[in-house]
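Engineer: Here's the letter readout for the chains.
There are 2 protein chains.
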Amino acid sequence: MFVQRTLRQAVKAHSAFTSSPAAYSAKVLSSRFYSTAVAPLDASKLEINASKNKKPLQENSQLVFGKTFSDNMLTIEWEAGKGWAKPEIKEYGKLHLDPSAVVFHYSFECFEGMKAYKDKNGKTRLFRPDMNMKRFNKSAARIALPNFEDEELIKLIGEFLKVDDRWIPKGRGYSLYLRPTMIGTQESLGVGASNKALIFVIASPVGPYFPSGFNAVNLLATSDKVRAWPGGTGDAKVGGNYAPCIKPQLDANKEGYQQNLWLFGADHQVTEVGTMNCFVFWKNEQGERELVTPDLDGSILPGVTRDSILSLARQWGEFKVSERKFTMADLVKADKEGRIIEMFGAGTACIVCPIKKINFEGKDINIPLDPSDKTSQAGKLTKRINDAIMDIQYGDVEGPKGWSVVV
Amino acid sequence: MFVQRTLRQAVKAHSAFTSSPAAYSAKVLSSRFYSTAVAPLDASKLEINASKNKKPLQENSQLVFGKTFSDNMLTIEWEAGKGWAKPEIKEYGKLHLDPSAVVFHYSFECFEGMKAYKDKNGKTRLFRPDMNMKRFNKSAARIALPNFEDEELIKLIGEFLKVDDRWIPKGRGYSLYLRPTMIGTQESLGVGASNKALIFVIASPVGPYFPSGFNAVNLLATSDKVRAWPGGTGDAKVGGNYAPCIKPQLDANKEGYQQNLWLFGADHQVTEVGTMNCFVFWKNEQGERELVTPDLDGSILPGVTRDSILSLARQWGEFKVSERKFTMADLVKADKEGRIIEMFGAGTACIVCPIKKINFEGKDINIPLDPSDKTSQAGKLTKRINDAIMDIQYGDVEGPKGWSVVV
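Chains Y and R, in that order, give the protein sequences.
Every letter in the first sequence is one number past the one before it in our numbering, and letter 98, counting from 1, is 98.
Every letter in the second sequence is one number past the one before it in our numbering, and letter 353, counting from 1, is 353.
Source of the hints: derived by calculation from the structure; they are not laboratory data.
Any given hint could be a false lead.
No copy is singled out in the list; a pair is fine if it fits within one copy or between any two copies.
Stated by the list, open to error - In the BS3-like style, the derived pairs of lysine-lysine whose C-alpha atoms are separated by at most 25 Å in a straight line are:
#1 86 to 325
#2 155 to 86
#3 247 to 134
#4 325 to 225
#5 138 to 401
#6 94 to 67
#7 196 to 254
#8 67 to 138
#9 225 to 118
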C-alpha cells in the first residue's frame, strides 16, 4: 500500500516544482497525443485582418537582412487539450507575453528560414517548402512543442504572401525572407512541456548575399567551444543552438576571421561553418574528384540547401558525391598535397559562401578560388551550384519535381 | 590593394546577413568593451512605480511553484553604447516585444533561481546571493549578453523585496522564489550579439518541495540524449539547456520514472539528475566513507546548493568529500558490493531530493533510504544536509560568513 502510494505521491509532490513536472507533463502529454478532440491546424479557418497601414517599401539597394518587416504577420495559437486555434493574418506588431512565459526561461523556441521569390511572370515561388515544414515539425518535437499539419502551414504562408505581395522584391537575388517561428508560451516556471504555444511567421525583404560578386571568407577552426554533439540538438533548428555560438564568433572576428569552422571530437572532425553546412570539393586520397559534406549523424543541421546541392551534384554525375566525416588532418594533408579544389558553406541566406582561408592551430590553410575570375572570389563549382539553384528558385529553369512551388 | 579591400568588403557584405554579422558584432563589441561612456548598473537610480493594485495572497497550503507572481517586477533595460538604464520597479505585467526580438529566435536568455526567506524576527534573508549574481554574469557572458555590477543587482532585489514584502510567505519551508532573467531584445534577425537587453526579476511565493516528508524519486539513466558537453553551455544557466531535456523527461515519465539521470560519454559518467546536481554517499573502493559529486569540468552547473553541501560536509570533517567523475559501472559495482549508503539530487527548489531507484540499461539499482524512518523517504545524511542548510537560510543558525544575508 505504501509502495503503491509512493509513486503517485512523488509525482504529485514533484509536479508543482521546477525540477519535476512529471504529473503535469503526463497530463499534457496524454491530452496531446491521445485525445482525438484536439483541433488540427486548418488553413480554411484563416481570418484575415490585414493592416490598413501600408508602410513605405525600401529601394532594393537599401535592403538589410532581417531589419525591416512587411505590413502583416501570420499567427496561430495552440493550447494543450484544444489544439490549434484559428490562424490569423494581422498587422505586424509586438507580442504581449507574460514574463513567466517559458520561451524566456527554458528556450522553447524553434524556427525556419525560407524565401519567397518573384519569377519573370510575376508569380510567387517557394523553394522546397515541404523540407522546411518537415524540419520545423521535427525541431518542435525535439523540444516538446506541438506538431502541426505541414500542408496547412504552407497554404497559410501562401495566403500571407498574397496579402503582403507588394513586399516581395523583384529581381534576381532579391526575395522575401520568411521566418516561421514557434514558441512555448505557458505562463508558469515549471520545467515541463509548455501547455501553450504560438506559431508566428514574419517576412523581411532581402537582397543578394553578395551584391557585387562573391567575397570568400576566412575561417577560424574552433575546437574549445563545440556547436553540437550526438544526443544534443544540432540536427534541430532550435534557438538554443545559436546564442552560444556568438561569443566564439566575436572572438574569431577580433582575430580577423569572419566565421568559425566548428570542429568536433579529439580528431577534429569538420562539422559546420558559422550557421551553414560545410562542403569541400577535392581530389580524395584515391585520386577521385569528390564533393564531401559531413553526414547527418544527429549533430549536423539537415539543411535544405545542403540537400539540394547533394541532389544536383548526384544528378550531374560528374564526380563522386559523399556524405561522410572528414577531419582537419584530412584537410591539412590534402592542402599539402595540393588536392583541395574549393570549399564553401551552404545555407538559405547565401545559397553558397566561398571559403578562402582556414586558420587551424595557428597555421593557415589557403583554399583555392577561381584564379581566372578577377571580379569574384569563388571556385568554379561553387559558382555553378549557386547559379543552378538560383535558376530553379526564380523559375528560370525547371528543377526536380516539387522544388519550386508557385503559391 | 585588392587584398586590403577584401576583408572590409567581405565584412560589409556579411554584416547584414544571418550567417555573418562580423562588422556589426565588432561595432557592438567595441562599444561595449572599449567605451568608457556606457552607464553601469546603478541601484541609486531606481524608480519605484509600484502597483496600486494589491492582488489577494494565497494560503500557504495553496502555493504552487512558479504559477502566481507578486504585485510588481523589477526591470532594467540595456543598450549597446549606452549601458544600463534606470532600474524600475513597476506593476507585474506583460512584456511587449517585437516578433523579431532575438530572444525568440536565437535563445539569448539566461536566468537565476533564488529565494527570499522570512526569519523568526520578520527579517528578509537571501541565501548566498553573491553566488547567484556571479553565475548570472557568467551565463550572460557565455551568450554575449551584457554584464552588470553584482552588488547593484543585489541591492535592487532588496528594494524589490521591500516593495513586495507581503508576498514573502512565513514559516519554515516557505519562501518567495525569485527569478532574475536576462533576455536579448534586439529587433533584427541578424545572428550576432544583441544590441539591446532586458533584465527582469519576478517573484513567486512557494511552499516546501516535500510538504509531508521526503518522497524519494526513481530515475531513468539516460544516454541516448545528452544534457551537456565540454565546450557547450552545461556550466551556464542559459535557457537553451532546458527545453531539450523535456522530451527525454516525458519519455522517462511514461515508463514510471520521475527524472532522468543524465549520463555522458562511452563510459556513462554520471553528470546531473533532472535539473539538479547529483551526489552519492558511499563506501568507496578503498573502504572510506565518501560523498562524491561530479567535478565542474564545464558541463556541470555550478549549483549554489551543490557548493553549500560541499562546504558544510568539509567543515564537518566526518567523511571524505570529493569532486570527481564516477560512472554507472562504479555505481553498479558499489550496489553489488552493498557499498551505496544514499544518493540525492541538489538544487534551489528542493535543497536535496532523495533517490531510491535508478534504472540503467533495463536493470534497477535500489538506493538505500533510512529504514528507521517510517514517515519520510530519505537517507540520514540527506536529511541532515537539508536541515543544516534550511537552518542557515531561515537564520536559525549562524552559517558561514555571507551565506545568509539580511536585506
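Engineer: If the cut is 25 Å between Cα atoms, do residue 67 and residue 138 qualify within a copy, between copies, both or neither?
Structural biologist: neither (28 Å within a copy, 29 Å between copies)
Engineer: If the cutoff is 25 Å on CA atoms, where do residue 155 and residue 86 land: within, between, both or neither? Let me know, please.
Structural biologist: within (14 Å within a copy, 46 Å between copies)
Engineer: My question is about residue 325 and residue 225: at a cut-off of 25 Å on alpha-carbon distance, are they close within one copy, between copies, both, or neither?
Structural biologist: Cα proximity of residue 325 and residue 225: in one copy and across copies (19 Å, 21 Å).
Engineer: At most 25 Å between CA atoms: does that hold for residue 94 and residue 67 within a copy, between copies, both, or neither?
Structural biologist: both (15 Å within a copy, 24 Å between copies)
Engineer: Is the C-alpha distance from residue 196 to residue 254 at most 25 Å within one copy, between copies, in both cases, or in neither?
Structural biologist: between (41 Å within a copy, 21 Å between copies)
Engineer: When Cα atoms must be at most 25 Å apart, do residue 86 and residue 325 count as within-copy, between-copy, both, or neither?
Structural biologist: neither (45 Å within a copy, 51 Å between copies)
Engineer: First find the shortest C-alpha distance between residue 247 and residue 134 inside one copy, then the shortest across copies, and answer within, between, both or neither for a cut-off of 25 Å.
Structural biologist: Between copies only: 18 Å across chains, 30 Å inside a chain, cut-off 25 Å.
Engineer: Between the shortest in-copy and the shortest cross-copy C-alpha distance, which are at most 25 Å for residue 138 and residue 401: within, between, both, or neither?
Structural biologist: within (23 Å within a copy, 50 Å between copies)
Engineer: My question is about residue 225 and residue 118: at a cut-off of 25 Å on alpha-carbon distance, are they close within one copy, between copies, both, or neither?
Structural biologist: Answer is neither: 40 Å inside a copy and 42 Å across each miss the 25 Å cutoff.
The structure is inconsistent with the numbered hints 1, 8 and 9, although it conforms to all the rest.
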